[in-house]
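Could you put the whole structure together from the sequences, leaning on the hints where they help?
Residues per chain are reported as follows:
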Amino acid sequence: DQQVKQNSPSLSVQEGRISILNCDYTNSMFDYFLWYKKYPAEGPTFLISISSIKDKNEDGRFTVFLNKSAKHLSLHIVPSQPGDSAVYFCAASASEAGSYQLTFGKGTKLSVIP
Amino acid sequence: KAGVTQTPRYLIKTRGQQVTLSCSPISGHRSVSWYQQTPGQGLQFLFEYFSETQRNKGNFPGRFSGRQFSNSRSEMNVSTLELGDSALYLCASSLGTGSYGYTFGSGTRLTVV
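Top line first, the protein sequences correspond to chains H and E.
Using the numbering used here, you'd call the opening residue of the first sequence number 355 and step up by one each time.
Using the numbering used here, you'd call the opening residue of the second sequence number 4 and step up by one each time.
To be clear, the hints were calculated from the coordinates, so they are not data collected in a lab.
Since the model is a prediction, treat every value here as computed from it, not as a measurement.
Cβ coordinates follow ideal geometry from the N, Cα and C atoms, glycine included.
Heads up, some of the hints might be wrong.
[Claimed, not checked] So the derived label-pair ranges between C-beta atoms look like this: (1) 374/H x 74/E: 19 to 29 Å; (2) 41/E x 374/H: 19 to 29 Å; (3) 65/E x 374/H: 34 to 44 Å.
[As the list claims (entries may be wrong)] Straight-line distance between alpha carbons at most 35 Å, and here's what the computed DSBU-like set of lysine-lysine pairs gives: (4) 16/E x 410/H; (5) 410/H x 460/H; (6) 408/H x 359/H; (7) 410/H x 422/H; (8) 408/H x 16/E; (9) 16/E x 463/H; (10) 60/E x 463/H; (11) 410/H x 425/H; (12) 463/H x 392/H; (13) 408/H x 425/H; (14) 392/H x 408/H; (15) 460/H x 408/H; (16) 359/H x 16/E; (17) 425/H x 460/H; (18) 463/H x 359/H; (19) 60/E x 408/H; (20) 16/E x 460/H; (21) 60/E x 422/H; (22) 16/E x 392/H; (23) 463/H x 410/H; (24) 422/H x 463/H; (25) 463/H x 425/H; (26) 425/H x 392/H; (27) 60/E x 16/E; (28) 359/H x 392/H; (29) 359/H x 410/H; (30) 460/H x 60/E; (31) 425/H x 60/E; (32) 60/E x 359/H; (33) 463/H x 408/H.
Structure follows, in structure tokens:
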């Protein structure tokens, strides 16, 4: 049972345009969400996160939106750059006492075309 | 500051053998988590250690075990290796208290033949 789903395995976007990566979750206990970026042969790198008490968090070119009622979050990258080409993972956590386990989606491979 | 260091980077083992992977966290980080990444299943949580105690465990068989030392370094062990254990094993460290600021290492690529 996949609790975090990234339904698009891949996405291609022109340089300078907006990239929108989507993520859905099923576990109502999740209250903290993160996005990671991963290049081949490297570990995931933290990008941005959002707590369930917010619906938007922004950091430079990256914005994460959370729709709790729909159990949906999205990552917007504006403008997209060729260096953004990587696999993006959505992750979620339930902050019950002592639980810092992250549940990941299977990733979306973003290709930014120059 | 130095990042999360995982050794070795690559490993080839035979079915039935056992393997030990090592992870050195960022200085000051007391939590170490382990994840398995495979093409079909994505990143799956194995276990998390904080101050030498296992706090969380994922849904993996008992062949997968780990430990954490007093200096926060961690090791994971897989016994009686199966072909399906071939994967990238990632370690992540964090402060561990109220923080989700996980930093991942580059991983150990394990191939079981």
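Hints and how they fare:
1. 374/H x 74/E: 19 to 29 Å: 43 Å, violated
2. 41/E x 374/H: 19 to 29 Å: 27 Å, holds
3. 65/E x 374/H: 34 to 44 Å: 42 Å, holds
4. 16/E x 410/H: It is violated: about 46 Å lies between the C-alpha atoms, which goes past 35 Å.
5. 410/H x 460/H: Answer holds: residue 410/H to residue 460/H is near 23 Å, not above 35 Å.
6. 408/H x 359/H: With Cα atoms ~21 Å apart, residue 408/H and residue 359/H stay inside 35 Å; holds.
7. 410/H x 422/H: Holds - the C-alpha atoms of residue 422/H and residue 410/H are around 11 Å apart, at most 35 Å.
8. 408/H x 16/E: Violated: residue 408/H and residue 16/E sit about 46 Å apart, past 35 Å.
9. 16/E x 463/H: 30 Å, holds
10. 60/E x 463/H: 28 Å, holds
11. 410/H x 425/H: Satisfied, since the Cα-Cα distance of roughly 14 Å is no more than 35 Å.
12. 463/H x 392/H: Given that 35 Å is the threshold and the Cα spacing comes to 9 Å, the pair holds.
13. 408/H x 425/H: 13 Å, holds
14. 392/H x 408/H: 25 Å, holds
15. 460/H x 408/H: 24 Å, holds
16. 359/H x 16/E: Distance of about 32 Å is within 35 Å: holds.
17. 425/H x 460/H: 17 Å, holds
18. 463/H x 359/H: Holds, at about 14 Å.
19. 60/E x 408/H: Roughly 29 Å separates the two Cα atoms, so the pair holds.
20. 16/E x 460/H: 26 Å, holds
21. 60/E x 422/H: This hinted pair holds, its Cα atoms lying about 27 Å apart.
22. 16/E x 392/H: Holds, at about 26 Å.
23. 463/H x 410/H: Holds. Residue 463/H to residue 410/H sits at ~23 Å (cutoff 35 Å).
24. 422/H x 463/H: At roughly 25 Å apart (the allowed maximum being 35 Å), residue 463/H and residue 422/H satisfy the hint.
25. 463/H x 425/H: 22 Å, holds
26. 425/H x 392/H: At roughly 24 Å apart (the allowed maximum being 35 Å), residue 392/H and residue 425/H satisfy the hint.
27. 60/E x 16/E: Holds, because 25 Å separates the two Cα atoms, which is no more than 35 Å.
28. 359/H x 392/H: Holds, at roughly 17 Å.
29. 359/H x 410/H: The given pair, whose Cα atoms are some 20 Å apart, holds under the 35 Å limit.
30. 460/H x 60/E: Distance of about 20 Å is within 35 Å: holds.
31. 425/H x 60/E: 25 Å, holds
32. 60/E x 359/H: OK: residue 60/E and residue 359/H at ~21 Å, within 35 Å.
33. 463/H x 408/H: 26 Å, holds
The structure is inconsistent with the numbered hints 1, 4, 8, although it conforms to all the rest.
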